[in-house]
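Asks: So the chains spell out like this:
Number of protein chains: 2
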Amino acid sequence: MVERCTSPIVLLCLFSFSALTLAFSPCPLTGLPLVRNISEIPQDNYGRAGLSHMTVAGSLLHGMKEVEVWLQTFSPGTHTPIHRHSCEEVFIVLKGSGTLYLASDSHGRYPGKPQEHFIFPNSTFHIPVNDAHQLWNTNEHEDLQVLVIISRPPVKVYVLLFMFHTLLTS
Amino acid sequence: MVERCTSPIVLLCLFSFSALTLAFSPCPLTGLPLVRNISEIPQDNYGRAGLSHMTVAGSLLHGMKEVEVWLQTFSPGTHTPIHRHSCEEVFIVLKGSGTLYLASDSHGRYPGKPQEHFIFPNSTFHIPVNDAHQLWNTNEHEDLQVLVIISRPPVKVYVLLFMFHTLLTS
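As you go down the protein sequences, you meet chains B and Y in turn. Sequential numbering of the first sequence, starting at 93, is according to the numbering used here. Sequential numbering of the second sequence, starting at 93, is according to the numbering used here.
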């Protein structure tokens, strides 16, 4: 945001400002205020007990076309399905802890025994495009709250029908 | 992340899992651990006094191709240049407060007298693609810390050579 362009394109850009901005006109506003209080954003659980989902910036609500930002809270013991998607995904753990299961082989028909990664407050990680993964709140005493950033909204999630834990215990 | 795909494409996807994942093979890893402690990420100020910039997930460091996430802190009175970029940008204010100046007319040769938006802790906003904008920490007593999400990394920033405040006081 604060990097400085030192190339001649800066001056060129100023003189061609009008043409450039017409070429990249902003998305239409949706009537919502530009600055929004996150604590006032409606929550949903998509029918999954123990989940709270907020769309901080989204394609349908805010006209985002390239990125989407969610705030999700998982109660102790709850988790996502094993899933994958053909978009980039970045997580920031705001509070709580848990386990990320990441397919050790996303190129086969089955993801195989997953890698287990401990996630903790103020940690960040990203999921490689199309790698099967699952997030668990394995902390019995605290909610797991994560900020989630995805590309290419709206996300299309492919849910895998088997469970990592059966692989872990087999 | 936890939305469930209910269409037949789920089963189709499972049977064609191998082909699909080969078509979207993940970015190469950069040797950094998958889960990183944000408090251990190096900071830079890009030569701007009062700025602290961290790349939480980036194109050069982590192989991101579609989104990039920064953590930036502005000391009291500091600000970004007036700038614009042809990517989406989402802000989340983690602490502090300030003012967002957003060009009232990004389609002209000059951005014109900007809209002023008060930003506060736990607020979020996004910048329309190619709209000229500037972020100021107008709080004399506290740092302004924001999480910044951009699309299409690495960002190319066009810095405008005039200042909003001259428009505000003219």
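Among these hints, one or two may not hold up.
Capping the alpha-carbon separation at 25 Å, the derived lysine-lysine pairs in DSS-like fashion look like this [unchecked claim]:
1) Lys248(B) / Lys157(B)
2) Lys205(B) / Lys248(Y)
3) Lys248(Y) / Lys157(Y)
4) Lys157(Y) / Lys248(B)
5) Lys157(B) / Lys157(Y)
Hint data in this document are derived by calculation from the structure and do not stem from the laboratory.
Asks: A separate judgement is required for each hint: does it hold in the structure or not?
Replies: Hint-by-hint comparison with the structure:
1. Lys248(B) / Lys157(B): With a Cα-Cα distance of about 14 Å, the restraint between Lys248(B) and Lys157(B) holds, given a limit of 25 Å.
2. Lys205(B) / Lys248(Y): violated (41 Å)
3. Lys248(Y) / Lys157(Y): Measuring from Cα to Cα gives roughly 14 Å; hence the hint holds.
4. Lys157(Y) / Lys248(B): holds (18 Å)
5. Lys157(B) / Lys157(Y): With Cα atoms ~15 Å apart, Lys157(B) and Lys157(Y) stay inside 25 Å; holds.
When each numbered hint is compared with the structure, a violation occurs for hint 2 only.
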